[in-house]
Amino acid sequence: MSADCIFCKIVAGDLPGDIVAESELSVAFRDLMPQAPTHVLVVPRSHHENAAEVAAAEPQALADMFLLARTVAEQEGLEGYRAVFNTGAAAQQTVFHAHLHVLGGRPFTWPPG
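If you read the sequence shown in the numbering used here, its first letter stands for residue 22, the second for the next number, and so on.
No wet-lab data here; the hints were simulated from the structure.
Be careful, since some hints might not be right.
Here are the computed distance ranges between Cβ atoms for each label pair [claimed, not checked]:
1. 130 x 35: 37 to 45 Å
2. 101 x 22: 29 to 37 Å
3. 113 x 45: 25 to 33 Å
4. 78 x 39: 21 to 29 Å
5. 105 x 23: 19 to 27 Å
6. 24 x 132: 39 to 47 Å
A virtual CB, placed ideally from N, CA and C, is assigned to each residue, including glycine.
Generate the whole structure from the sequences, applying the supplied hints.
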């Protein structure tokens, strides 16, 4: 855990979060600034800055994040969903605790617009 990390505080119960699912290794909660009708963040309980760090330190935690994302999608009744990691400030990562965005509830088209 990192004392100044907002996601660590949510995982610990020190800050409120709209938690929708949990496992031994991960916690899923609704994003405060949703980009889709369903926008849930899945975070590892342990603090790692990004997905690559989770994979290197705790590969089972990374796998667990995807399993919990599937659980969230099933609970939310999503026919399909996107699972996205943003890694680094240049990719718009704003909280440096690894988190998997689960996005669904609308069509995702290409090109966007």
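Is the distance from the Cβ of residue 24 to the Cβ of residue 132 consistent with 39 to 47 Å? Hint holds: Cβ distance 42 Å, inside 39 to 47 Å.
Please check whether residue 130 and residue 35 have a Cβ separation lying inside 37 to 45 Å. holds (39 Å)
Take the C-beta atom of residue 105 and the C-beta atom of residue 23, compute their distance, and say whether it sits inside 19 to 27 Å. Once the Cβ atoms are compared, 22 Å apart, the range 19 to 27 Å for residue 23 and residue 105 holds.
Quick check on a hinted range of 29 to 37 Å for residue 101 and residue 22, using CB atoms only. About 34 Å separates the Cβ atoms of residue 101 and residue 22, which means 29 to 37 Å holds.
Given a hint of 25 to 33 Å, does the C-beta separation of residue 113 and residue 45 actually sit inside it? Holds, at about 29 Å.
Residue 78 paired with residue 39, Cβ distance criterion 21 to 29 Å: holds (27 Å)
Checked against the numbered hints given earlier, this structure breaks none of them.
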